[in-house]
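Taken in order, these protein sequences are the chains called U and S.
With our numbering, letter number 114 in the first sequence gets 114, and the count goes up by one each step, no holes.
With our numbering, letter number 236 in the second sequence gets 236, and the count goes up by one each step, no holes.
Just so you know, the hints here were simulated from the structure itself, not pulled from any lab data.
Hints may be right or wrong, so weigh each one.
Taking lysine to aspartate or glutamate and the EDC-like style, the derived pairs with C-alpha atoms no more than 16 Å apart in a straight line are [unchecked claim]: (1) U:Lys-76 - S:Asp-251; (2) U:Lys-76 - U:Asp-119; (3) U:Lys-25 - S:Glu-41; (4) U:Lys-26 - S:Glu-41; (5) U:Lys-168 - U:Glu-84; (6) S:Lys-164 - S:Asp-191; (7) S:Lys-172 - S:Asp-191; (8) S:Lys-110 - S:Asp-287; (9) U:Lys-228 - U:Asp-304.
In silico contact screen, one side only, chain S against chain U (beta carbon under 8 Å); selected entries [as the list claims (entries may be wrong)]: (10) Val-42; (11) Asp-44; (12) Glu-46; (13) Asp-68; (14) Gln-69; (15) Asn-96; (16) Glu-97; (17) Val-98; (18) Gln-99; (19) Val-248.
Since the structure is predicted, the reported quantities are computational estimates derived from the model, not experimental observations.
Using N, Cα and C, we set each Cβ at its ideal position, and we do this for glycine too.
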Amino acid sequence: MNNLSAADVCQAFMAPRSTLAFTPKKWQQLVLILRHQQLLACYSAMFKQAGIFEQLPTQTQRHFLNADVLAENHKKQVLFEASELKRELGDKQQYLIFLKGAGYTLSGAQVGDTRIYNDIDILADKKSIDVIEKRLCLLGWLSEELTEHDEKYYRKWAHEIPPLRHGKRGTIVDVHHNIVPIISGRHVDADKFASNSVSTPDGFQILSFSAMTLHSLIHLFFNEDVEKGYRDLIDIHTLMTANNHKEFWLPLITLAKQTGFELELFLACRYVQKTFQTDIPDFVQDKISEFCPWNIKFLDFMYDKTLKPNHPLCRPRFFSVAEFMILIRGHFQKMPLHILIYHLLCKSGISIIQSLFGKHVFTKELDQP
Amino acid sequence: MSDNYFIDLHPFSFSVRTYIPQVIQNLSTIYGSRFKKLSVEVADYELSVQKSSGLRSFIRPQARFFCDQQEPFKPLSFQKAYAFLEWGMNWTVAGNEVQHVIIHSAVLAKGNKAILFPAPPGSGKSTLTAYLAHNGWRLLSDEMALIIPQTKTVVPFVRPICLKNQSIDIAKQLFPDGKFSDIAKDTHKGDVIHLSPPDSSWENSTNTAELVGVVFPNYRANQTLQIYQLDKTQAFMQLVENAFNYGVLRDVAFSTLTNVIENVQTFEIFHNDLAQVAAFLEQEIIDYE
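Put together the whole structure using the sequences plus the hints.
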């Protein structure tokens with residue numbers, strides 16, 4: 001076979017030496033896929049750790065070295081923005097917890113080492129959200145223009161306010177008051193969830209590794225969008241591998257039960273093991289096996305295909321079917337039927353017009369390319 | 001159906017997927033034998049220029065640019081498709097390549113002695129670049145100077161010279177044999193044309209050169225040649241403002257640019273005569289050492 005398969009990409013992560021037999025074409029494809037998945041720096045670290053970086057083709061090395069520099073810069077930028085947010089919002093709320101990517105980075109752990117993301121997510125208590133939004137507005141973080149429907153969606157049903165973009169630096173902040181949409185009926189007691197937080201040596205509040213892992217897997221499996229699913233799965237694998245002890249697993253299981261996300265925990269363990277043969281202790285396996293759902297075959301069909309590296313070069317057969325099913329499932333999970341129908345009507349009106357007249361029929365020509 | 005093409009532009013290479021005749025024809029004019037059908041070559045970046053779909057494409061067609069799966073810009077009108085690709089290539093390099101300190105600047109050399117010409121649009125930089133490239137200098141770059149960190153060495157990234165508005169007619173008169181692209185009308189820079197540099201620049205496209213000067217040119221219709229020596233701080237700050245990746249490379253960029261500025265001559269010039277400028281550069285900077 002001349003083309004790189006999704007399995008080759010996963011194998012390269014687990015056993016970096018497997019890449020040494022790659023043809024130049026396969027290297028090129030690996031770089032393309034990894035750049036698309038924002039995983040170049042992550043793989044670069046793997047190759048260095050395996051001691052084979054110097055054996056890579058020079059052209060490929062350059063792409064990885066570029067990614068290293070960009071990831072390092074990303075880290076510094078996040079530290080800067082997080083300090084700004086902490087300083088400016090420090091006294092405005094009960095808690096200010098950095099979630100997801102920013103949380104990984106601030107934790108200083110391996111999971112955040114090479115992680116690239118587009119926005120900084122923070123969780124604050126709901127009562128303080130208005131004050132925070134006003135304060136951020138004063139500091140140059142503004143909401144972008146939204147359609148009336150989107151505005152309503154955020155304000156009424158979502159677990160976050162519309163993204164705020166800094167006018168000068170372009171950084172985006174997502175302010176959350178819950179970890180899943182309120183309209184889903186699955187939202188958690190955010191104040192209670194926030195008590196699972198720790199302070200980093202630099203004084204940033206982040207989730208404990210157990211809660212961080214739970215949030216990470218909820219984000220992946222209680223969602224209609226799995227475009228970066230493979231990367232998210234690597235995050236979960238890395239978190240589980242780096243914290244493989246009772247003090248991590250027991251609170252994780254307890255918290256999953258408390259918040260009602262046992263199924264998501266089960267699925268996460270299942271697919272990290274399938275993909276990366278993650279070492280999960282027997283007592284954990286025993287405890288979570290009871291969460292196995294009746295429709296696991298159906299879920300396997302969807303997730304086996306979509307949690308692989310996602311790029312047109314290496315998509316498996318029936319990928320789009322699986323992706324579409326996840327889209328439907330995710331929406332059903334997040335919204336009651338009558339709201340879902342309303343939401344889809346609003347959204348589909350625009351996309352029907354776009355598919356008929358062209359994606360950019362409404363797009364004004366921007367002079368600055 | 002779209003075909004895949006390959007452009008070898010030391011030190012980077014691109015594959016371009018397109019079926020748009022305007023793009024293929026202009027690429028062939030500008031890049032000559034460096035542009036070919038893709039066979040076994042391995043490109044650094046996979047680019048694509050496509051006509052937008054839907055009914056609108058029959059009335060007011062648009063061109064879309066992709067870097068692999070990413071569409072960084074909103075579409076432009078169809079007649080700008082080739083210029084769009086050129087800007088897309090710049091964007092791709094500026095956003096991904098951090099092995100060099102990259103300055104928004106022209107670079108030209110005599111022998112292996114090079115001068116940087118960083119300047120904002122409208123300063124006549126590209127006209128000066130085109131003139132020098134056709135008068136005994138070789139072009140290393142029109143828009144992106146690649147400096148190897150901690151050295152004064154510039155790596156060529158030979159690309160067409162981008163001329164705007166009035167300079168288009170001037171250039172067509174000055175270089176009747178030049179290889180020009182079609183004109184892209186009404187862009188954010190006004191009307192734009194691309195001019196392929198002469199063969200000597202292409203032939204030396206892998207030979208690095210050492211910086212000996214930084215010159216900020218300003219064309220003024222009623223101004224005979226005036227030369228000001230720039231102090232090091234001013235020159236440094238202007239370089240920083242023109243650096244694409246200063247914020248990413250941080251200390252590496254700072255020490256590289258400091259080293260450059262401390263070891264080269266720095267001038268700002270006002271002129272209305274290209275030949276006088278060329279004479280000044282050769283006598284005072286190139287032959288100085």
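Now the hints, each set against the structure:
A hinted pair counts as satisfied when its Cα atoms are at most 16 Å apart, and U:Lys-76 with S:Asp-251 qualifies at roughly 13 Å. Between U:Lys-76 and U:Asp-119 the CA atoms are separated by roughly 14 Å; this keeps the pair inside 16 Å, and the hint holds. Between U:Lys-25 and S:Glu-41 the alpha-carbon distance is near 8 Å, which keeps this suggested pair within the 16 Å criterion. Under the criterion of a C-alpha separation no larger than 16 Å, the hint pairing U:Lys-26 with S:Glu-41 is consistent with the structure, at around 12 Å.
This hinted pair checks out: U:Lys-168 and U:Glu-84 have alpha carbons roughly 14 Å apart, not beyond 16 Å. Of the pairs offered as hints, the one joining S:Lys-164 and S:Asp-191 holds, with about 6 Å between alpha carbons and a cut-off of 16 Å not exceeded. Using a Cα cut-off of 16 Å, the hinted pair S:Lys-172 and S:Asp-191 holds, with the two alpha carbons roughly 14 Å apart. Restraint check for S:Lys-110 and S:Asp-287: satisfied, since their Cα atoms lie roughly 10 Å apart, inside the 16 Å limit.
Distance check on the hinted pair: U:Lys-228 and U:Asp-304 sit about 14 Å apart at the alpha-carbon level, within 16 Å; holds. Hint status for S:Val-42 relative to chain U: holds, with the closest Cβ pair at about 5 Å, below 8 Å. A distance limit of 8 Å between C-beta atoms decides the matter here; for S:Asp-44 the minimum to chain U is near 7 Å, and the interface restraint holds. Annotation: S:Glu-46 was flagged as interfacial toward chain U, and the flag holds, the nearest CB pair being 6 Å apart, inside 8 Å.
Taking 8 Å as the C-beta cut-off, the interface hint given for S:Asp-68 holds, the closest approach to chain U being about 6 Å. Interface hint status for S:Gln-69: upheld, as the beta-carbon distance to the closest one in chain U is roughly 5 Å, under 8 Å. Because the beta carbon of S:Asn-96 sits about 6 Å from the nearest beta carbon in chain U, less than 8 Å, this interface hint is met. The interface hint given for S:Glu-97 is met, as the beta carbon of that residue sits about 6 Å from the closest beta carbon of chain U, less than 8 Å.
Here the hint on S:Val-98 is kept, as its CB sits about 4 Å from the closest CB of chain U, short of 8 Å. Interface restraint check: S:Gln-99 against chain U, minimum CB-CB distance 6 Å, threshold 8 Å, status holds. Because the smallest distance between the Cβ of S:Val-248 and any Cβ of chain U comes to about 5 Å, under 8 Å, the interface hint for this residue holds.
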